[in-house]
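Peer 1: Working from the sequences, and respecting the hints, build out all of it.
The residues making up each chain are set out below.
Protein chains: 2
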Amino acid sequence: MEIRVVKNILEANEVIASQNRKLFAEKGVYVANLMGSPGAGKTTLLEKTIEHIKGRMRIGVIEGDIATSRDAERIAAHAIHAVQINTGGACHLDGNMVRGGLEGFDLDQIDLLIVENVGNLVCPAEFMIGEHNKVMIISVTEGDDKPEKYPLMFQVSSVLLLNKIDLLPYLDFDMKRFQGEALKVNPKLKIMAISCKTGEGLDNWFRWIEERTSKKGS
Amino acid sequence: MEIRVVKNILEANEVIASQNRKLFAEKGVYVANLMGSPGAGKTTLLEKTIEHIKGRMRIGVIEGDIATSRDAERIAAHAIHAVQINTGGACHLDGNMVRGGLEGFDLDQIDLLIVENVGNLVCPAEFMIGEHNKVMIISVTEGDDKPEKYPLMFQVSSVLLLNKIDLLPYLDFDMKRFQGEALKVNPKLKIMAISCKTGEGLDNWFRWIEERTSKKGS
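Protein chains in written order, with the working numbering: chain A, 1 to 218; chain B, 1001 to 1218.
Keep in mind the hints are simulated off the structure, nothing from the lab. Small disclaimer: the values here were computed from a predicted structure and weren't measured. Warning: the hint list may mix true and false statements.
To be verified - With a straight-line cut-off of 27 Å between C-alpha atoms, the simulated DSS-like cross-links for lysine-lysine are:
hint, chain 1, residue 1, chain 2, residue 2
1, A, 197, B, 1197
2, A, 54, A, 27
3, B, 1007, A, 7
4, B, 1215, B, 1027
5, A, 190, A, 54
6, B, 1190, B, 1215
7, A, 149, B, 1197
8, B, 1176, A, 197
9, B, 1022, B, 1188
10, B, 1197, A, 176
11, A, 197, B, 1149
12, A, 149, B, 1149
13, B, 1216, B, 1048
14, B, 1027, B, 1054
15, B, 1149, A, 48
16, A, 149, B, 1048
17, B, 1190, B, 1048
18, B, 1149, B, 1184
19, B, 1215, B, 1054
Peer 2: Rendered as structure tokens:
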């Protein structure tokens, strides 16, 4: 019975996510859903991304957190409009929460909307929010054995950002194993090794998100 | 309505967790529920703990994972009986899953049962499994701002193991801020800074779990 309840919740969510998706298409907004564990580097990646592309594209950010508005404050410090959604305990954003968050924006004034999900490598992968692409970020400190242990997140994502590669010299992280497993779980996954600290590899990511936004957002 | 469904699920879980708790008391087994994000170091901590105390106490392990039996295999390599629970997508263990896992043990032959939960800093905190104590592990690479952003896990845990302190020289981690926030969220939290890699600080943890087991398990 619990399974049926969960199925109903997912189906109801899908309806609202479709409505969001339609709205984004009408308004010409490209939407990325950024997911990963606590501390994987989601907000730092967002800050770097904003600094790089904010002169060329109009960006909006939705910050999903269980509590506090810290991440939205970090984003707002970059002169970008950020709306905070506090889930009050819930482990993911869903279509309805994002729809509520959209009321804080004039979508005609935005090309790119990035939604930072709650820090969690599991639940956010189950809930569509109307996004064009799911982007996951994981840090090398989380270990090279994660793709097969947490497969859904890897399966539903278009891009995998492997962060904190500046720490590789101090870790036992087998890059070949990690990449092999990730591609076994999702052969279409685009893997980019990055360091938000040193900037290494970020150009690939900037290019990817700018290309997607140009196609969708105009 | 979704909220009422969730409340019913939590109440139903509480009933089963109480039954588990009663069984553990009858059998004189001390039970710890080990929780933390993917890659925080749960399985490595377990391996170190087993190696240290297996001569003096009889240990059993339940491994909760979404998929794969890798962690149970790692534990079994230490000549300890480990039962794998695959949640098949679910983001946490609950009382009923653990009850099923208990069928794999002769509880009369165990003093200490450690349950390694699914890697997730959010959902496992909501579900009691009948444990005596919840123990959380978080690594310094996850950032010093997590207690107030993910408060429930910090609130329900008795012990916080702050792992990977060997990496501190390479990170911007403010130990004072982290400890201050953690204690603000839960003033009773026992914080132990450790490195499973170098062994630093692990003696405190070994002492704590041995003391708890001696009191409950005999």
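Peer 1: Residue 1149 of chain B and residue 48 of chain A: Cα distance at most 27 Å?
Peer 2: holds, 21 Å
Peer 1: Can you confirm whether the C-alpha distance between residue 197 of chain A and residue 1197 of chain B stays at or below 27 Å?
Peer 2: Between residue 197 of chain A and residue 1197 of chain B the Cα gap is close to 24 Å, so the pair holds against 27 Å.
Peer 1: Do the alpha carbons of residue 1027 of chain B and residue 1054 of chain B lie within 27 Å of each other, as the hint requires?
Peer 2: holds, 19 Å
Peer 1: Has the given pair, residue 1215 of chain B with residue 1054 of chain B, been kept, meaning a C-alpha gap of at most 27 Å?
Peer 2: holds, 17 Å
Peer 1: Would the hint linking residue 1149 of chain B and residue 1184 of chain B be met if the CA-CA limit is 27 Å?
Peer 2: Status holds; Cα separation ~12 Å.
Peer 1: Below or equal to 27 Å on CA atoms is what counts here, so check residue 1022 of chain B against residue 1188 of chain B.
Peer 2: holds, 25 Å
Peer 1: Given the hinted pair residue 1176 of chain B and residue 197 of chain A, is their Cα-Cα distance within 27 Å?
Peer 2: With Cα atoms ~22 Å apart, residue 1176 of chain B and residue 197 of chain A stay inside 27 Å; holds.
Peer 1: Is it true that the CA of residue 54 of chain A sits at most 27 Å from the CA of residue 27 of chain A?
Peer 2: holds, 19 Å
Peer 1: Is the straight-line distance between the alpha-carbon of residue 1007 of chain B and that of residue 7 of chain A 27 Å or less?
Peer 2: With a Cα-Cα distance of about 17 Å, the restraint between residue 1007 of chain B and residue 7 of chain A holds, given a limit of 27 Å.
Peer 1: Mind checking the alpha carbons of residue 1215 of chain B and residue 1027 of chain B for me, to see if they're no more than 27 Å apart?
Peer 2: holds, 13 Å
Peer 1: Just to be careful, I want the Cα atoms of residue 149 of chain A and residue 1197 of chain B compared with a cutoff of 27 Å; is the pair within it?
Peer 2: Holds - the C-alpha atoms of residue 1197 of chain B and residue 149 of chain A are around 22 Å apart, at most 27 Å.
Peer 1: Is the Cα-Cα distance between residue 1197 of chain B and residue 176 of chain A 27 Å or less?
Peer 2: holds, 22 Å
The structure shown violates none of the earlier numbered hints.
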